[in-house]
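Start from the sequences, fold in the hints, and give me the full structure.
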Amino acid sequence: MSALLSLQEVSVWLGARRVISNASLDINRGEFVGLIGPNGAGKSTLLKTAAGLLPASAGACLSAGAPLRSLTAPERARRIAYLPQARPVFWSVTAREIVALGRFSFGAPLGEAPRDAAAIDRAMDEAGAAQFADRPAADLSGGELARVHLARALAGETPLLLADEPIAALDPAHQLSVMALLRAKTDEGRAVIAALHDLSLAARYCTRLVMLGGGHVAADGTPKDVLTPSLLHEIFNVDAAINITQDGPDIRLRPLGN
Amino acid sequence: MKTPISPFALASMLLAISVTAIASALFIGPAQFSAQEALAALVSDQGATSAIIREIRLPRVLAAWVAGACLGLAGAGLQGLLRNPLADPGVLGVSAASALGAIIVIYFNIAAIAFWATPIAAIFFALMATALLYLLGAGRVSTARLILIGVGLSSFCGALISLAMNLAPNPFALSDLVNWLFGTVANRSFRDLALAAPFALCGALFIIAAAPGLRALTLGEETAASIGADLARTRAMVIAGAAVLVGASVSIAGAIGFIGIVAPHLARAFAGHDPARILLPSALLGGAALAIADIAIRLLPFDQELKLGVAAALIGAPGFVWVAATTKRIAS
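Note that the protein sequences, when read in sequence, are chains H and L.
So the first sequence is residues 10 to 267, counted in my numbering.
So the second sequence is residues 673 to 1004, counted in my numbering.
Hints may contain errors.
[To be verified] Here are the computed distance ranges between Cβ atoms for each label pair:
| hint | chain 1 | residue 1 | chain 2 | residue 2 | range |
| --- | --- | --- | --- | --- | --- |
| 1 | L | 808 | H | 97 | 34 to 44 Å |
| 2 | L | 717 | H | 121 | 35 to 45 Å |
| 3 | L | 859 | H | 79 | 57 to 67 Å |
[Said to hold, decoys possible] Chain H regions said to be covered by chain L (calculated; three or more residues, Cβ under 8 Å):
| hint | stretch |
| --- | --- |
| 4 | 88 to 99 |
| 5 | 219 to 231 |
Keep in mind the hints are simulated off the structure, nothing from the lab.
We put the beta carbon where it would ideally sit given N, CA and C, even for glycine.
And the structure:
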């Protein structure tokens, strides 16, 4: 059976700059992949390419064996949900109306079938957004909106979720609950790729880490294999001391040369 | 949050207001008729009375309503596309280009040869303006840049209109130019309406077909594309639809501003902010507002009748400032 998502020797040029170079990845059901790397490493570009929003300049992007470019927009949206890093809301619609857009490719904007309504309510529950379902977006805090957007991405119940920094705007308690939720989704058989900056949380919750450096896949494997002092030194330019504890790895980072 | 009125109830209410406004416009004018006389003259031939009601007052108020509805719908569509409550046909330069088309035809006296030349030129120039916008990058560049291109186009057309007025050969030509520039529905006939109506309908269908895409754009272009919305199609439908609506409205009423901003803003207060759900209320509100404004200027005791576009701007411009000052930013 072909992988949920397969990137084969993918390169992406943005203008004159090569942002992704020969990246190859196979993502299967049940995997929670943490995409890590310093700023500018190409995490967001890789996710956009995998979501079919940016064309690969070279290489192939396959969704369950079918080239992403051969799928219609609704077909692609029913397979892959994408949570971008920038999440503007331009009109003060209610939280629930935002989440309902996650069912857009099922025709929800024209008429909400019972199945759509159930998926929307479930996603809001899971993301902890149900209590402000009827509040307009203008009255929601940044953290509340982040949960609404996560619910929107979950509402499509796609086999694959691509999330660009899903926990960036959240307080520690909600960071933990979102990571646990994404992990639970992958344990159910879905797959998640999340760009993350918190290496400790990535190590604790992800089943697999992909480290990007300068547009290349620098390392790909279990958190233990990827989070090594030498890779962190080479790619992130930090000195790292890593202790494996019962709660997962304890990672301490220091600037180089201290 | 207060629950918005149901879409059906809101539409029925606005339709009732529109019908009331159109009906009451039939009783108002220099010749005094009672309600019974006016109604009788409308449904059966009563000679001169019928001529006034059927051929002067009815087409005039219908022209005001259709022009307002076109502008309200075009404004709501463009605001949804550009995700900006201050966008209106004027922003993209479509109104200015359309008025320029009408004025060129008058200036070169083509209007005297063929009565249909002016409306056709208004629609044609509105379409040309949007085609130009599209070629300049509507499919590729960001929405912010599209607005800037529109501002430039608008200024350019404005300059050409000023040039035409500077060079106007005689006072009559100048007064005709003023009519198109300020906007009026005085002396409209059913012939003018019949010429514009198919365009108005076609533009309305375009915008309504883009409604789901507009709703998706609430979350920005990136998310809209990722959830399966066809942005290229949405953009093309809204731009073409707005062009045809503006051309139709300019052809029957001249250049009238601010209805495209104020009508959607009022619609949002009743129908919520969903850009798909405010389309129909914006059209009905725009129509009712312009019909009522035209009744108001006929009641004002001035020697020279106030131009409809001037009245719309007197009410609309403060509304524009109010919208600009009170629009809340949403955290992201």
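Outcome of the hint check:
no. : hint                      : in the structure
1   : 808/L x 97/H: 34 to 44 Å  : 24 Å, violated
2   : 717/L x 121/H: 35 to 45 Å : 52 Å, violated
3   : 859/L x 79/H: 57 to 67 Å  : 58 Å, holds
4   : 88 to 99                  : holds (count 9)
5   : 219 to 231                : violated (count 0)
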